[in-house]
Amino acid sequence: MDQGVIRGRALTIHVDGIPVRAYQGQTIAAALLSEGIFTSRTINQQHLGVYCNMGICHSCAMTVDGIANVRICKTLVSDGCQVETQRFSKVEANG
Amino acid sequence: MGKNAADVIVIGGGIVGSSIALRLCESGQSVILLEKGRIGEEASGRSGGGVRQQNRHPAELPLAMEAIKIWAAMKDELDCDVGYRRYGNINYAHSPEKLESYRKTAEREKSIGLDVEILSPEETRYITPFLSDKIPLFGAKYCPSDGTANPLVVPKAIGRAARRKGTEIRENTPVLKLICDRNRVTAAVTEKETYSGNTFINCTGPWARGLCNTIGIDFPIVIKKESVFVTEAIPPIVRPFVDSDWFWFRQALEGNIHIAGEPTKRPVDDFDKSVDFKSFVEVGRWLPGVVPYARKLNILRAFTGLIIAAGFSGHGFCLGPVIGKIVCEMVTAGKSALDISQFRYSRFEEGQSSKEEAIRVN
Amino acid sequence: MADAFEAVIVGMGPAGMAAAIELCRRGAHVAVVDENPQPGGQVYRRFAQEFTAEDETSLGVNYAKGKKLIEEFWKVGKQCVVLNDTHVWGGFADNQLALRHADKIALIKYKKLLLAEGASERPSVFPGWTLPGVMTLGGLQKLVSREFLLPGKRFLIAGASPLLIPVAAEVLKAGGEVAGICTVVPLGRYLNLFPKLVFQREILFEAIRHAFEIVRRNAPVFSGYTVVSCAGEKRIRKAGIAKLDANGRIAGGSMRTFEIDILAASNGIITMSRLGRQLGCRHEYDSEGLCWQVKTAPFFRSSQADIYAAGDSHVIGGRDLAEWNGRMAGLEIAKDLGRIPADEFNRRLSDNAGRRERLRRYVSTLQRVLSPGANQIGRQDLNTIVCRCEQVTLGDVLSGIEKGCRTMHEIKRTRVGMGLCQGRVCESIVTEIILGKGIPIEEIGYFGIRQPIAPIPIALLERYAAQDARESA
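Which chain is which? The protein sequence lines are V, Z and X, in order.
Following our numbering, the numbering of the first sequence begins with 1 at its first residue and continues without gaps.
Following our numbering, the numbering of the second sequence begins with 1 at its first residue and continues without gaps.
Following our numbering, the numbering of the third sequence begins with 1 at its first residue and continues without gaps.
Only chain V is shown next, with the shape it has when bound in the complex:
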């Protein structure tokens, strides 16, 4: 959807190790959705992704540059940033 808008300069982020193109000024969520990457995290193999896109639902939370539970819909891309899918298994923690 490029008509009418000139994005910021192109840069590269890494999602689970794979390079993905992004633009300065985009949120990580927008960058991922542009590339057809819809899953942010899984709980017991149930997939969650961007839902409210406003920082409220935390469904989009991923690990960004080593920090867990970062809402990608509120985080802007930065050149070379490492984004990882979070997978959590709800088993009894000490079972």
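It is worth saying that the hints were derived from the structure and are not from the lab.
Note that the structure is a prediction, hence the values are computed from the model and not measured.
Don't take every hint at face value.
Stated by the list, open to error - Simulated coverage check for chain V against chain X, where a stretch passes if three residues somewhere in it have a Cβ under 8 Å from a Cβ of chain X:
1) 32 to 45
2) 54 to 62
3) 77 to 90
Glycine residues also receive a C-beta, built at the ideal position from the N, C-alpha and C atoms.
Go by the hints and put chains Z and X onto chain V.
Below, chains Z and X without anything else, positioned relative to chain V:
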């Protein structure tokens, strides 16, 4: 009997009050339980969740050992998984003196039949590998049959069981005062009603002193609040409840880590449930130095619990159920099977009371 | 040491900006705080500073109005402290607020506090609603209209919300294929708006423009239809809609399925009061809007001393009412600070009172007309997720209620509200379920909010503690 009369009036619906009501109903007494808010939402509902036998005042240990038999049967008895798990309690010794005092305590506890052992520093670090190696560690005292349970669930589950067995529970009914007649309590007065009974039991925790004052009885009591900080859920990293001189933490069944530290304890006049900004800062000050891994985590929520240096001093969670049994025996049979002589009220006048610094003994 | 302000405003949407403008004009020392990178809040959201739009008129009425107000805000903004990318994570004793900006924590102090936290959306709940590719209407709107991104090819737009028609039109304008516009509220009901809409020319013209776009592109409209399911392995692929009868059962023959990439749905706008609740402000339940709002005494004063509320978190009213009420709240605070005399405030309050009242009545009608109706959720399949963060199902919640849970505090034992979002999404859903069991709302209550209002990294607390130690040394 009239609507507001029963054999026993229990005042306070925490884990202690609910347990007492349950046992009394089981033994055939009629009970009305008066709770100022909702069952189990004060101290019991905000507890650290530890169900611990070790490191108690010697007079309490037999009670705690009896209590955990009741805890073990709770799932079947209440038909509800209250989250009780026996994953042990490990208590760090950060100095040689502490280790020595733990050895002595362990000997005493073992002689009564408690399964405790002293662990070497290597064994301790093996069980809790995330402990920073900058923290001096001389060993630990470990009790495998200690455990944890879910404070959100337990008191309410006991309350429901009490109700099923016939307890009349009146929530949102604070007792304003007691009425005495010739050295017997005859009534409990609330805003709308007056309740009468043969026996009145004061299980109001931090408000216990105030309630007794209304009939001219007093006893020393100090209330401290302790803030507990909870992280997001993470994969399993620790099984036992981890205790130390000045901090504790545990991993809940769902994976969240619950954390509290001595610096966050503050004396208060009333049960003020707010968490101070200073307490947050304190966590930042001491926690990463003890568990470096914590730097990767967030505080998701915080709540305030209560330690009353009278009553059960912040370790009443474990004892609650057995107090139910004891008090029931006292009411129905005149005395309890377990020795509770050291808890007699007269100890204050006799100068026999031991000054307990909240949770920890030694 | 905490920086001290005469007034702190939390929220930089129309209400917050308008209040700041009025306060700054009267020389008050003000700080305005917002989590977003730029002023505007939700409704007046701008696009990224790094982007350039070739034709701003195509960005719609909200953009143009927002631009005007934001320009006015920046003019006086020079006198106040504008804190973007800053989150208030707790109110503490002595009128202090704890802030977080990037990797720093700070405390500020206020004499007066204005809560303008705004609103969020009530989720549409149906089996499969947690699949990636399912979004709220506002969430998709932000992607399409401000992030200039169509996240898929085929869209289903559904729900009961003032955003339904605008979002459908915006997706169509951007070139997306809309498989269906599913309005839970039958089209006939929309006609009830017209008597009031006649006085709201701006809104009426917008509505006509949107309708034109929809008709022009032949987007199918399904009147009175609800989404009843959606499926897909790792993201949504199919969705089913149907008409529901009075018992919530699918009316025979009405079901239709679509193959789609994106489903946007929500069931209304609800207040988003977090700091207000944490600070202990009394709230009352609006049974039309189905949400808890900050209770105020004339005119914008909450039940807590020195704390005021305006905008959507106070009463859902939309952008114009939010701006007006924001200005009035700013003036009331100015009066209470002694910066303007009471009769100047009273005079401004009665300016445009007629117009404001008409707008208020329109908004109230809108809420009523677009209300999805109570208790849709309780009739769903028991495996439907209620709490996304903890994957708690409807069956789990109903079982909790059966076991005796009657309040929002008690129902937490089922784990609802205990995950990352701390109840922000599931609260309205769970409230509806419990209400459906006949328990009165006063007993149900709402999730108690305590500091931290949002997760706070321990690493940041460590940094603050170290800095604090250095400063006191």
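Going through the hints against the structure:
1. Remark: the segment 32 to 45 of chain V is confirmed as covered by chain X, as 7 of its residues place a Cβ nearer than 8 Å to a Cβ of that chain, reaching the required three.
2. Judged by the Cβ-Cβ criterion of 8 Å, the segment 54 to 62 of chain V is covered by chain X as claimed, because 7 of its residues qualify and three suffice.
3. With 1 residues bearing a CB less than 8 Å from a CB of chain X, the segment 77 to 90 of chain V misses the requirement of three and the coverage assertion fails.
This entry does not satisfy hint 3, going by the numbered hints stated previously; all others are met.
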